[in-house]
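Enquirer: Here is how the chains run, residue by residue.
Protein chains: 2
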Amino acid sequence: MTHFTSQDLESMPQRYRVNFINSLSGFKSANLVGTVSAQAETNLAIISSVFHIGASPALIGFISRPPSGGRHTLSNILENKHYTLNHVHNGIIDAAHQTSARYERKKSEFRATGLSEYWIPGFRAPFVEESYIRIGIKYREHHTLLNNTVLVIGEILHIEVPEQYLHDDGLIDIEQAHSVALSGLDTYHDTRKLKRLSYAKPDQSLTVIPPKDGLMK
Amino acid sequence: MTHFTSQDLESMPQRYRVNFINSLSGFKSANLVGTVSAQAETNLAIISSVFHIGASPALIGFISRPPSGGRHTLSNILENKHYTLNHVHNGIIDAAHQTSARYERKKSEFRATGLSEYWIPGFRAPFVEESYIRIGIKYREHHTLLNNTVLVIGEILHIEVPEQYLHDDGLIDIEQAHSVALSGLDTYHDTRKLKRLSYAKPDQSLTVIPPKDGLMK
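First to last, the sequence lines map onto chains L and P. Each residue of the first sequence is one higher than the one before, starting from 0 at the first, in numbering that gives the first Met the number 0. Each residue of the second sequence is one higher than the one before, starting from 0 at the first, in numbering that gives the first Met the number 0.
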């Protein structure tokens, strides 16, 4: 084992340190956040910090990191109160990654990357048509954190998912849907299911939940 | 595509809804958070909500979900101001999952699951000896969110990682270290690297970062 201290972190070259620290949290989700400005300019940005907050009400959060591309995303959300999250799958990795380039505000990342806007009537943010798992969210609150990044929390209003990825107990098989995982800043992975484990109780052995509780179709 | 609305969510049976909503954020990290109480009772809990907040200073966050097992974790952190995060790898999945059982406070999840405590002198929280990637963290701030879950943010003081998983540009190869990804509440996955992509710029094509910038050893 190599041991690093906070002093070692401070002496690392900046790019090395960014790669190193970004690896530490573990695997990350890969989502595209879709928004639109009051001037009807759409925006699309890849984010790796989406996380579950609660099921009832259905709340989901992500970290916005101004002054990078997150700037347009956050201001659009605060203007319109609606945004979308769209899973990155293995067929759209390059286009998704390209959304992280610093385009001018008037240049939509949809046009720049070739991804397609998809709208639900009455919902004020664009979905990504190519995504298999799409979520429409209403802004609820945000918190400014000690390093001036912003935690944005929203409530889920719409979900679109292909029926064949939905298990009969509510689980969505995001591996079968080819959703990818991220590590560090820029490395994309697909996954292989190892096992699904039963609810843990003290003094009781775990069991593997068998595939019979699997896909409906 | 099947379309669900917030009304559909409300009418789902509770267990179905929990599985469904927990699947939506995408793949999650799997970490064990280690703490100790003022009475020297150690605690270990699996969490799936660890995420990167910033590299300079090196900040990392997670969501604590009282009144589940997260209760002891959060009170220990607020008492001692130190905690550890330890990656779950494919050799310790069952023990890690078992820490989610509701043990009484005086029963350490280390003893209950057979995972081993590992201490760094002067640091007031136990690491997991079996983990390959271990992080020692100092509490910095917390935020109570609208559903009464708590975002805990800390600064990284110690990192231990096997040298052979460290790339020469700072990336830690968490796939080679067998760190696992989680989906939903209870499904564990390993990963296969698809590609590492270059920094994106407007009007410039992405390139795949070749393995030559790979492991040092």
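Hints listed in this document are in silico derivations from the structure and should not be mistaken for laboratory results. Certain hints may be false.
Copies of one chain are not kept apart here, so a pair can be met inside one copy or by any two copies together.
Unchecked claim - Listed next, the in silico DSSO-like pairs over lysine-lysine satisfying Cα-Cα at most 27 Å (straight line):
| id | residue 1 | residue 2 |
| --- | --- | --- |
| 1 | K105 | K137 |
| 2 | K194 | K105 |
| 3 | K192 | K105 |
| 4 | K137 | K192 |
| 5 | K200 | K106 |
| 6 | K80 | K194 |
| 7 | K192 | K106 |
| 8 | K80 | K137 |
| 9 | K200 | K105 |
| 10 | K194 | K137 |
| 11 | K200 | K137 |
| 12 | K192 | K80 |
Remember, it's a predicted structure, so these values are computed and weren't measured experimentally.
Enquirer: Determine for every hint whether it applies to the structure shown.
Expert: Cross-check of the supplied hints:
1. K105 x K137: For K105 and K137, only the intra-copy Cα distance (24 Å) is at most 27 Å; the inter-copy one is 42 Å.
2. K194 x K105: neither (46 Å within a copy, 30 Å between copies)
3. K192 x K105: Answer is neither: 42 Å inside a copy and 34 Å across each miss the 27 Å cutoff.
4. K137 x K192: Result: close neither inside a copy nor across copies, 32 Å intra and 34 Å inter.
5. K200 x K106: Close across copies (13 Å), not inside one copy (53 Å); limit 27 Å.
6. K80 x K194: neither (38 Å within a copy, 35 Å between copies)
7. K192 x K106: Classified as neither; 39 Å inside a copy, 31 Å across copies.
8. K80 x K137: The answer is within: 6 Å in one copy meets 27 Å, while 35 Å across copies does not.
9. K200 x K105: between (54 Å within a copy, 16 Å between copies)
10. K194 x K137: neither (34 Å within a copy, 33 Å between copies)
11. K200 x K137: Classified as neither; 36 Å inside a copy, 30 Å across copies.
12. K192 x K80: The answer is neither: 36 Å in one copy and 36 Å across copies each exceed 27 Å.
This entry does not satisfy hints 2, 3, 4, 6, 7, 10, 11, 12, going by the numbered hints stated previously.
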